[in-house]
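Undergrad: Here's the letter readout for the chains.
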Amino acid sequence: MLELKGISKTFNPGTVNEKRALYQVNLNLADGDFATIIGSNGAGKSTMFNAITGAFLVDEGSIILDGKNITFAREHVRSKVIGHLFQDPLLGTAPHMTIEENMALAYLRAGKSRYAYFSRISGADKKKFREQLSLLDMGLEDRMKQPVGLLSGGQRQALTLLMATMVTPKILLLDEHTAALDPATAEKVLKLTKDIVAERKITCLMVTHNMQQALELGNRILMMDSGSIVLDVKDEEKAGMTTDDLLEQFRIRAGKKLDNDRILLSS
Amino acid sequence: MSSLSTIFTVSIFRSALETGCIYALVALALFISFSILNIADLTTDGCYTLGCAVGAMVTMSGHPFLALPAAMCAGALAGFVTAFLQTRLGVESILAGIIVNTGLYTINIMVMKFSSVVNIFNCDTIFRYAKKVIGGEWYKVIVVLIVVAVVALLLGWFLNTRLGLSIRATGDNSSMVKASSINPAFTITVGLCVANSLTALAGCLLAQYQNSCDINIGTGMVTIALASLIIGETIVGKGGILRRVVGVIVGSCLYRFIVAVAIRMHVPAECLKLVSAIIVAVAIATPYLKSKAVFWKTRLTRMKENKKLQKQAEQGIGGK
Chain A
1 MLELKGISKT
11 FNPGTVNEKR
21 ALYQVNLNLA
31 DGDFATIIGS
41 NGAGKSTMFN
51 AITGAFLVDE
61 GSIILDGKNI
71 TFAREHVRSK
81 VIGHLFQDPL
91 LGTAPHMTIE
101 ENMALAYLRA
111 GKSRYAYFSR
121 ISGADKKKFR
131 EQLSLLDMGL
141 EDRMKQPVGL
151 LSGGQRQALT
161 LLMATMVTPK
171 ILLLDEHTAA
181 LDPATAEKVL
191 KLTKDIVAER
201 KITCLMVTHN
211 MQQALELGNR
221 ILMMDSGSIV
231 LDVKDEEKAG
241 MTTDDLLEQF
251 RIRAGKKLDN
261 DRILLSS
Chain B
1001 MSSLSTIFTV
1011 SIFRSALETG
1021 CIYALVALAL
1031 FISFSILNIA
1041 DLTTDGCYTL
1051 GCAVGAMVTM
1061 SGHPFLALPA
1071 AMCAGALAGF
1081 VTAFLQTRLG
1091 VESILAGIIV
1101 NTGLYTINIM
1111 VMKFSSVVNI
1121 FNCDTIFRYA
1131 KKVIGGEWYK
1141 VIVVLIVVAV
1151 VALLLGWFLN
1161 TRLGLSIRAT
1171 GDNSSMVKAS
1181 SINPAFTITV
1191 GLCVANSLTA
1201 LAGCLLAQYQ
1211 NSCDINIGTG
1221 MVTIALASLI
1231 IGETIVGKGG
1241 ILRRVVGVIV
1251 GSCLYRFIVA
1261 VAIRMHVPAE
1271 CLKLVSAIIV
1281 AVAIATPYLK
1291 SKAVFWKTRL
1301 TRMKENKKLQ
1311 KQAEQGIGGK
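Protein sequences, first through last, are from chains A and B. Under our numbering, the very last position in the first sequence is 267; numbers go up by exactly one each time. Under our numbering, the very last position in the second sequence is 1320; numbers go up by exactly one each time.
One chain only, chain A, in its complex shape (with noise of 0.2 Å):
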């Protein structure tokens, strides 16, 4: 579904603050793959997710989604078929907008017709968006009249996974979407995405700084090193390992310890 053919990237190249952030960055991800990634701080994580939305150009390499060239698309073109979930959950929604207007937003984006400005959502949709909400077992289904900034910060994030969700994307990519969350919360929303990946069969990356949850969740884990992949377990391989596993496969390909105290601590 989504392939990165050797992508690099070098920011600021030629100054003191040159940083080469993805270095032969190579990953082809199959239909219906759930990587986790895990990886030291500045480990090139959050860089791969901006390369493959667009906020910037590679230097080098392509991106392959769904069969498609989008080295050279523009970012908001890419983002009708990739859903992004932040840390933030603020990021996500927009704040003076209500529930219905921002799920109404969601759901029109990706439009059949790429020039219906002018549509509008029905009554029939509206019903669809509430029983759609009533899933998240938060009671929003009875508040889509009200601001999206009155919501808690795991409310506006179970919302922004809706969102990115209502239309099925090709690849979904969660950048320690539940790392700011309370643990209940937290929980809560991971489990919502389990279960609508699962359910709808979507591709999907994402980055935590939790071990055990990295083994647990998908079928296919990375790690991650100054801007490279080191390593990619997937499936029978993956199911049998543990974090002593995995942090003794990282200190081989890495060449050195695994330096980030938040996956350490969490683990």
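If you're looking for bench data, these hints aren't it; they were derived computationally from the structure. Ideal Cβ positions, reconstructed from N, Cα and C, are used throughout, including at glycine. A few of these clues could be false.
Unchecked claim - Cβ-Cβ distance ranges computed for the label pairs, FRET-style:
| # | chain 1 | residue 1 | chain 2 | residue 2 | range |
| --- | --- | --- | --- | --- | --- |
| 1 | A | LYS68 | B | VAL1294 | 51 to 59 Å |
| 2 | A | ARG200 | B | THR1301 | 39 to 47 Å |
| 3 | A | ALA180 | B | ALA1040 | 27 to 35 Å |
| 4 | A | MET144 | B | ILE1263 | 42 to 50 Å |
| 5 | A | GLY67 | B | ILE1284 | 49 to 57 Å |
| 6 | B | PHE1065 | A | PHE118 | 56 to 64 Å |
| 7 | B | VAL1117 | A | MET144 | 52 to 60 Å |
| 8 | B | CYS1073 | A | GLY67 | 39 to 47 Å |
| 9 | A | ASP195 | B | ASN1038 | 33 to 41 Å |
| 10 | B | MET1110 | A | VAL167 | 31 to 39 Å |
| 11 | B | SER1175 | A | ASN219 | 26 to 34 Å |
| 12 | A | ARG74 | B | THR1298 | 48 to 56 Å |
Assemble the complex: chain A is given as a structure, and chain B must be docked to it using the hints.
TA: Chain B only, in chain A's frame:
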């Protein structure tokens, strides 16, 4: 009481409605650019004059109805230039408005065939047609009310379409917009075009209303419109789009009413700008002072309560 009844007459109410509805269109333009897109669009002053000039010239050539869409197109074009400067050429939004505003002065005087005043007293205007058809004293009110009602309904409809929602999201959360397949450059452009077409429509209506156009007619327009907008938002508060739109219109009429009362109370014409400025300052300060007042009030009562409790406690100790 007799002095009050001479100030608050029906005619003052009527003229406040007439001009209020015309200026409401400018306030609605700022509602789009300032409240929704979160952009300070200073094209307003020049664009208003542009609408007035185009309206007057087209009316003079015998097409008062055609003047309305013609002025709107001219306004949309001005808005497009402002949007182009800020979205494609990286000019700061306030600066983009000022640049276009300055350039428009020349454009406007060119439209008016290089004279600073154009009179259209002898031409047919939409108001003159309305006088023939409707008659009475309220025909002007009816015309402007129809225009404003149509604009308000269209705006209420538009801001809930996919494009309208995208425009609203652009001003509300820019990082969400990028992740939602919305091109902010496009939504800002559409928003500013729509906003400035409304400003120009107001100018066109005013030209036909007062049968003339003056090159300096737009001076200070952005302040007045902002005052109307804020009065409206203070009265109506937050709510659905249509409710807020109606609030802006009510705010504009209220502002005109206050100005009309000031005139009736024999405030000299040269002092009117000062009166306007004071009204604007009061309108903007009111919501803030309101929230402050609540704070001070609770603080005072809590302090009193605390003192009382302290006294009781002291007395209790002394009693023992």
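Undergrad: If a hint holds in the structure, say so; if it does not, say that too.
TA: Hint check results:
1. In this structure the hint that LYS68 of chain A and VAL1294 of chain B lie 51 to 59 Å apart at CB holds, the actual value being about 57 Å.
2. Our hint of 39 to 47 Å for ARG200 of chain A and THR1301 of chain B is violated, since their Cβ atoms are close to 56 Å apart.
3. Here the CB-CB span from ALA180 of chain A to ALA1040 of chain B is close to 32 Å, well matched to the stated 27 to 35 Å.
4. Our hint of 42 to 50 Å for MET144 of chain A and ILE1263 of chain B holds, since their Cβ atoms are close to 47 Å apart.
5. With their beta carbons about 56 Å apart, GLY67 of chain A and ILE1284 of chain B fall inside the hinted range of 49 to 57 Å.
6. The supplied range of 56 to 64 Å is broken by PHE1065 of chain B and PHE118 of chain A, whose beta-carbon atoms lie about 25 Å from each other.
7. For VAL1117 of chain B and MET144 of chain A, the hinted distance range of 52 to 60 Å is satisfied, since their beta carbons lie about 54 Å from each other.
8. For the hinted restraint 39 to 47 Å between CYS1073 of chain B and GLY67 of chain A, the CB-CB distance of approximately 44 Å keeps it satisfied.
9. As the Cβ distance of ASP195 of chain A to ASN1038 of chain B is approximately 36 Å, the hint placing it in 33 to 41 Å holds.
10. Against the hinted window of 31 to 39 Å, the Cβ-Cβ separation of MET1110 of chain B and VAL167 of chain A comes to about 49 Å, which falls outside the hint.
11. Taking 26 to 34 Å as the suggested C-beta distance range, the pair SER1175 of chain B and ASN219 of chain A conforms, at roughly 30 Å.
12. Between ARG74 of chain A and THR1298 of chain B, the C-beta spacing of about 52 Å keeps the proposed range 48 to 56 Å intact.
Consistency with the previously given hints fails for numbers 2, 6, 10, ordered from lowest to highest.
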